[in-house]
Amino acid sequence: PHFTLPSHTITWEQDISHLKKGFSPKELDRFLDLYAKGQENPQKIQKGVELFKEDHPDHPEVLNLLTYVYLSKRKVRKANQLIQENYEKNPLYIFARINYADLCLRRKHPQKIPEIFDQKFNLRELYPEKKVFHVSEFRGFMVLMGFYHLSLGKQEAAEGYHYLAQRVDPHHPSTKILEKKLYIKSFYKRLVSSILNKVSRLTNIIKKR
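This note's numbering puts the sequence shown at residues -9 to 199.
Worth flagging that the hints you see were computed from the coordinates, not collected in a lab.
In this text the structure is predicted, and so the values were computed from the model without any measurement.
Virtual Cβ for every residue (Gly too), placed ideally from N, Cα, C.
A portion of the hints provided could be inaccurate.
Said to hold, decoys possible - Straight line, CA to CA, 25 Å or less: simulated DMTMM-like cross-link-like pairs of lysine to aspartate or glutamate:
id, residue 1, residue 2
1, 120, 51
2, 34, 45
3, 98, 149
4, 170, 92
5, 110, 127
6, 98, 108
7, 65, 92
8, 171, 119
9, 27, 149
10, 16, 3
11, 120, 105
12, 65, 127
13, 144, 108
14, 11, 149
15, 171, 146
16, 34, 48
17, 68, 40
18, 121, 51
19, 120, 108
20, 79, 48
21, 68, 127
22, 63, 92
23, 65, 108
What the hints assert, rightly or not - Just the calculated beta-carbon pair ranges, DEER-fashion:
id, residue 1, residue 2, range
24, 78, 40, 17 to 25 Å
25, 116, 79, 16 to 24 Å
26, 101, 71, 37 to 45 Å
27, -4, 71, 32 to 40 Å
28, 5, 45, 37 to 45 Å
Let the sequences and hints guide you as you build the complete structure.
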């Protein structure tokens, strides 16, 4: 009841207008081909994306795609380096922010999250010029905020962010991982606490006898 966010307009259609500004038509076709193949088998496009990055070393989408490839191959150190590089080069790019914030959470530095997002905890305020958000942007932001608020012990807010991510993309792995953290672990914590309380009461009864 205490969790509210302004309404967001979400789409599943991919907007490539910004890509057309940074790539030639030939490069755009190549990048979109790599991106499509990466959704099916990211491990097979590593060399192609690395070569593409040589011509576009600072492009946020290229760095993001290569990060995804490295994570799929469990090259965590390389992925983390790219995440930090992308955020430093493209601090306003939404996925650079999300990935860097996730890295900060994994490194136990939740205090850095508000600064990364300019003290704003919804996409409408963070990007007031945008009218529509892709589902991956919306879900990625909501999941990240769920984990952030969970790290602060703010269960209700974390549940609110999870609810929104689950409404638009319930089957995505990140949505399911947040759900597990929120509800399954919480259930077992309550169960263990209940058992310990019962044991404590029984111990006190035995002592009195």
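Range first: 37 to 45 Å. Now tell me if the beta carbons of residue 5 and residue 45 are that far apart. 23 Å, violated
Given a hint of 16 to 24 Å, does the C-beta separation of residue 116 and residue 79 actually sit inside it? 19 Å, holds
Under the criterion that the straight-line Cα-Cα distance not exceed 25 Å, is the pair residue 171, residue 119 satisfied? Since the Cα atoms of residue 171 and residue 119 sit roughly 33 Å apart, the hinted pair is violated (cutoff 25 Å).
So if I understand the rule, the pair passes when the alpha-carbon distance is 25 Å or less; does residue 68 with residue 40 pass? Roughly 12 Å separates the two Cα atoms, so the pair holds.
Compare the distance between the alpha carbons of residue 27 and residue 149 with 25 Å, and conclude whether the hinted pair is satisfied. 34 Å, violated
Is residue 170 within 25 Å of residue 92, Cα to Cα? 17 Å, holds
Tell me if the straight-line CA distance from residue 110 to residue 127 falls inside 25 Å. Given that 25 Å is the threshold and the Cα spacing comes to 15 Å, the pair holds.
Decide if the proposed pair is consistent with the structure: residue 65 and residue 127, CA atoms, cutoff 25 Å inclusive. Holds: residue 65 and residue 127 sit about 24 Å apart, inside 25 Å.
Under the criterion that the straight-line Cα-Cα distance not exceed 25 Å, is the pair residue 98, residue 149 satisfied? OK: residue 98 and residue 149 at ~20 Å, within 25 Å.
25 Å limit on alpha-carbon distance, applied to hinted pair residue 16 and residue 3: 22 Å, holds
Checking one constraint from the list: CA of residue 120 to CA of residue 108, max 25 Å. Satisfied? Since the Cα atoms of residue 120 and residue 108 sit roughly 16 Å apart, the hinted pair holds (cutoff 25 Å).
Keeping to a limit of 25 Å between CA atoms, is the pair of residue 144 and residue 108 held or broken? 20 Å, holds
Of the numbered hints listed earlier, those contradicted by the structure are 8, 9, 14, 23, 26, 28.
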